[in-house]
Amino acid sequence: MLFRANVNGTWREADIWAGVSLLSALRDDLGLPGSKNACEQGECGSCSVWLDGVLVCACLVLAMQASGREVRTVESLSVEDRLHPVQDAFVEAGAVQCGFCTPGLIVAVTDLLEQEPHPSEPAVREALSGNLCRCTGYAKILDAVRLAEERLESAG
Amino acid sequence: MTISADLAMDVLQPSTLDEALEMRRDLPDAVVICGGTDLMVAMNFGRLRPAAMMDISRVDEMKQWRQEDGSIFLGAGVTYSRIMRELGTFASLAQASRTVGSPQIRNRGTVGGNLGTSSPAGDALPVLAAYEAEIVLVSGRGERALPWDRFLVGPKRNALEPDELILGARWDISRGPESFSKIGTRNAMVIAVANLCLVVDEPARSVRVALGSVGPTIIRAREAEAAATEVIPWDDPSAPIAEAATEGFAQLVARAARPIDDVRGSQAYRSHACRVLARRALSWALEEHRMDGGS
Amino acid sequence: MSVRTVTRSIPDGVGTSSRRIDGTPKVEGRYAYGSDLWAERMLWGATLRSPHPHARLGSIDVSAASASPGVHAVLLARDVPGKNTYGLEFADQPVLAGDVVRYQGEPVALIAAEHPEQARRAAARIEVEYELLPVLSDMQDALLDDAPKVHDFGNVLRHIRIQQGDPAPAADVWVEGYYETGMQDQAALGPEGGLAIPAEDGGVDVYVATQWLHVDRQQIAPCLNLPEEMVRLHMAGVGGAFGSREDVNVQIHASMLALFTGRPVKMSYSREESFFGHVHRHPFRIWMCHGGTRDGRLVVVRARLLADGGAYTSSSSAVIVNACTFACGPYEVPNALIEGTAVYTNNPPCGAMRGFGAPQVCFAHESQMDRLAGALGIDPVELRLRNAMYPGANLPTGRPLHGAASVREVIERCRDIPLPVETPLESRERSLLPGGVGNVTRGEGIRRGVGFAVAYKNIGYSEGFDDSSEVEVSVTRGPEGAVVEIHTAGIDYGQGLHTIVAQIARTELGVSRVVVRQPDTLIGSAGSTSASRQTLMTGGAVHQACAAVRRTLFGRLQARHNTGLEPDPSLELVGGEVLREGVAIATIEELLDDPVVERLVHHHRRTTSLDENGQGDPHVEFAFAAERVVVEVDEELGLVRVVQVAATADVGKAINPQGVTGQVEGGTAQGLGLAILEELQVKDGVIRNPSFTDYLLPTFLDMPPVVTEIVEDPEPGVPMGVKGVGEHSTVVSTAAIVSALRDATGRDLNRVPVRPDDLIGIVPPIQNRGGWPPSPKVPGNEPIPRYVGLSRGQGELMDEDG
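Residue numbers (the working numbering), protein chains in the order written: chain F, 4 to 159; chain A, 217 to 511; chain W, 57 to 858.
Be aware that one or more of the hints could be misleading.
Stated by the list, open to error - Have a look at the derived ranges for each label pair, beta carbon to beta carbon:
| no. | chain 1 | residue 1 | chain 2 | residue 2 | range |
| --- | --- | --- | --- | --- | --- |
| 1 | A | A460 | W | R825 | 38 to 44 angstroms |
| 2 | W | R504 | F | R154 | 34 to 40 angstroms |
| 3 | W | L188 | A | G370 | 28 to 34 angstroms |
| 4 | F | E117 | A | R282 | 25 to 31 angstroms |
| 5 | A | A484 | W | H659 | 52 to 58 angstroms |
| 6 | W | P390 | A | A484 | 31 to 37 angstroms |
Claimed, not checked - Just so you have them, the derived chain A footprint on chain W, three or more residues with Cβ under 8 angstroms:
| no. | stretch |
| --- | --- |
| 7 | 477-491 |
| 8 | 688-695 |
What the hints assert, rightly or not - A partial selection of chain F residues facing chain W, derived with a Cβ cut-off under 8 angstroms:
| no. | residue |
| --- | --- |
| 9 | W14 |
| 10 | D18 |
| 11 | Q44 |
| 12 | S49 |
| 13 | T76 |
| 14 | L86 |
| 15 | G102 |
| 16 | C104 |
| 17 | P106 |
| 18 | I109 |
| 19 | P125 |
Hints listed in this document are in silico derivations from the structure and should not be mistaken for laboratory results.
These numbers come from a predicted model, not from an experiment.
The C-beta atom is built at its ideal place from N, Cα and C for all residues, glycine as well.
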């Protein structure tokens, strides 16, 4: 079935099996493996992307549901060689170990800070409770959120 | 990758309700998908392989809610995130929405999905039961409304006809304290071990208590409701309540539950949890009732 | 060996929290994990697995599958080109089941197809006749004479005994306990995945997420009937491991399909398949008896350990030895009798998981110490201080404790970390109450508890195993100055090995630009990334190789200046320059007309196996850990919120402090999982919850802040004085959390994971129907497969290196 969507600013097409998720279409048909397949059941958030500007788990979207829509993935965040402040904050704060949860978290954190530039710690924890990390114990991810918050604030 | 005809699956994508109903009539076996938070799990793990799916996420008529003269109509396609943002006055519903999954899930999941799946663990379902909601169904033949307990007939079974779609739910707006509680063994992202919704209807002087995840379908604890009606000091909100009275209510709630042992929790724990949640929910309602002066 | 580090001038050297060397590609989503790989003309591989825990295989009809659209291969046991068995310690595990399956999920057939959905449908069309056999699912039943036999030679995998002193001395007070630990899963977020590409020479290149390239190759090659040189392993990005990738997963399967079809084959497991596709943490049953004096000195520890190894050996024989050697805890114990048995069952195979038997015994021995403290009326932390090990203290395995052992400091600094400020319940944000966003309490029934635990564990492999590490360090003059390249086969799956070896090279050679090559088998083995060993071994190897590079560079300088052949001790390399007594006399670039290349193999000190009384010198070095945990429990609902973890990490030398605390925090999260959340529920050999919906990992709302104190007491005789940090917080945190839960509820909690039912007391503490299990009759204390002539797995690798 023909799948056509605006992915990271470009219209992309692929002939896909109609039963695949948006996540599979991105990874296997569109050459965008940045969004991850840790569980494919909506429990881990590693596949977090934006669909029409809304944060979703790509594994829970039937690819055809995104046809004609706008999809943005982690791969859209760095521009040329410059990391997005959230991406840079993750590296600096030591919030990346194996990195498998990282793309999903970066999308979720970027989404959170766009909606709430100065969230309280409980709000951060609750907003990110759909993103699992098995390596870090979350402590340095919280540090990264704080660091990103400061950097985004000073960038205006 | 080139896809062979062997794997072909049809995806229908109506953009209006009429289109959707026509497709539903013509292809009743097409699996209806909206938020996909239940169905896509089954698709991803190879457990669901329909010949066709119908994506109703583009049908605007299903994504609306409106107040209608003392009652509220909630479209089946309104997401949990929107409920939290736009329908916060319905405290139980907003609270239940907050316990569903994660922001990613809440941005897609819908009450329509809970109704379509009809699992006793569906978080919105005890709320609809406590609100005495009716479920609005629509087909080419017209609209009909079924009381929630005539729609939810068993575990993962409902009364939807093959040519029908769930349009939404409707309930009368009442006034009074209400709360929703959900127990899971983790502090987020859990399928409920037990759910409880308690609604006090001040004008009607009635109490409704609904339980989830502790029986084959949603349970209303009717005996307990009657007892609660006796316990609440309708005329004198500041009157003290005997602990034995709240405990009696709580035990009746626990007795209404019909839980089982499964991977998520034991039967004994679930009964016990219902009792504790019931007592706490009633005490919160009584506190609110007292503070509001029973108005 | 002198310990020499140069710490001035070079940024991002040893002791700094240098940014991850692979951080940028990871945050951009460009870092290619095993499940992300792609190749032209690639096929997708899939595995058909047995749904039954124990069955004889009858006929297998693949005709419908082979005829399915898009299918290029359907392979069975008869299609394995070489040996049909592999295994870490013994080659007892079939590549594809031949005549019998011994656990639910055992691979039976392989499929390669154009599209993963085609592979899945073809797999469903394979018809397998299973004749169901009795299932052995209880580890104690495994010891009975009439139990079903998992293997022909019986169900005992290994039995060892450690005996020292008098097992029944006089003591003033005795405490006994029975403890159980459930089956935990490593649940690395990256699913198993890899790509096998057939090569023109008839060999194969395997890109895979794994923990040890060389031991993979050593197992793969005989199965493919290829010499090792024709099987080339390359590290693909690894999404965590924690022990789950020490055993082979997709490597042999993908290679077989690739060689058969002549096309690249990718395999990537779903989360559900992943639960069946790797080993798990051993469930243990532990009986313990501690005798002490009235003033709180331990007199004797007796313990009987039983570990459920599941269907195949994996690394179980090492796990049971590990558990036994640490069963007494980090305390001086004059008399000990520890017996441990690992058995086979038809449960899912168990093997390496972070801690390797130590978390389980730590839960038991720390529970015992709390019991003893209670019986004696002594403060629990004080009791531990009174018995704490020290350098030279008596080990139950007979030799004095070697190496740095500031156990008192580890305990005291943990104890002294300030307790968290208690925020009043009424004003608390709802999500920070036990039950989280569930709105189950507004402060009712909340009790606070504090618990403490201490542990120790070894670093490196044990019992005489020489797990060396080979590195090559080269320095060349690049267009912008000197560049160091490090070639190691050492896998970095998140703990930061590649980052720290670069830091070491910067400090040792005074060069900023360091490149770490992607690990492969073109260089010798670095050993496994496990056992908390890579800082010591590969870090140590790089340190030594840099010293060799320095010697060569100084030699060149001396040759140029004609200052003779004797090494000049006044020379140092700092900031890209050679200094003599602090004065710069040359730049490093001047000495790099030709590159300097140094390759060496770094070994640790020799260890020994254990004799029939468990006496010997089995471990390379030790590290100690303590944790203090504050919890809140809703005493009516049994729901938990861990409020704070305070931890000490005894690391010898912190190469990267941010990396160290990252390990402590992440390791604590896994221990928290074992304490209150995670269990693979297995009934009659069948896993009931192979999904993240019901196998619950801690979320952001479950993990507390962790405050870490780093203790740097250098280990003598090793480069940089380093220990390791990967496992120790996991070893100790489960025990500390349960200790806090007991303090909060007053309940006798003797099983992990603790459930709400246990915390509210609607079920009594778990009892064991028998007493201490009898000791099985065994020919000796070695793994039983050795006595029956099973060919050895990684043991052969050791022999190759001599």
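Hints, verified against the model:
no.: 1; hint: A/A460 to W/R825: 38 to 44 angstroms; verdict: holds (41 angstroms)
no.: 2; hint: W/R504 to F/R154: 34 to 40 angstroms; verdict: holds (37 angstroms)
no.: 3; hint: W/L188 to A/G370: 28 to 34 angstroms; verdict: holds (32 angstroms)
no.: 4; hint: F/E117 to A/R282: 25 to 31 angstroms; verdict: holds (30 angstroms)
no.: 5; hint: A/A484 to W/H659: 52 to 58 angstroms; verdict: holds (57 angstroms)
no.: 6; hint: W/P390 to A/A484: 31 to 37 angstroms; verdict: violated (45 angstroms)
no.: 7; hint: 477-491; verdict: holds (count 3)
no.: 8; hint: 688-695; verdict: holds (count 4)
no.: 9; hint: W14; verdict: violated (20 angstroms)
no.: 10; hint: D18; verdict: violated (11 angstroms)
no.: 11; hint: Q44; verdict: holds (6 angstroms)
no.: 12; hint: S49; verdict: holds (6 angstroms)
no.: 13; hint: T76; verdict: holds (7 angstroms)
no.: 14; hint: L86; verdict: holds (6 angstroms)
no.: 15; hint: G102; verdict: holds (3 angstroms)
no.: 16; hint: C104; verdict: holds (6 angstroms)
no.: 17; hint: P106; verdict: holds (4 angstroms)
no.: 18; hint: I109; verdict: holds (6 angstroms)
no.: 19; hint: P125; verdict: holds (4 angstroms)
Hint compliance for this structure: hints 6, 9 and 10 are broken, all remaining hints hold.
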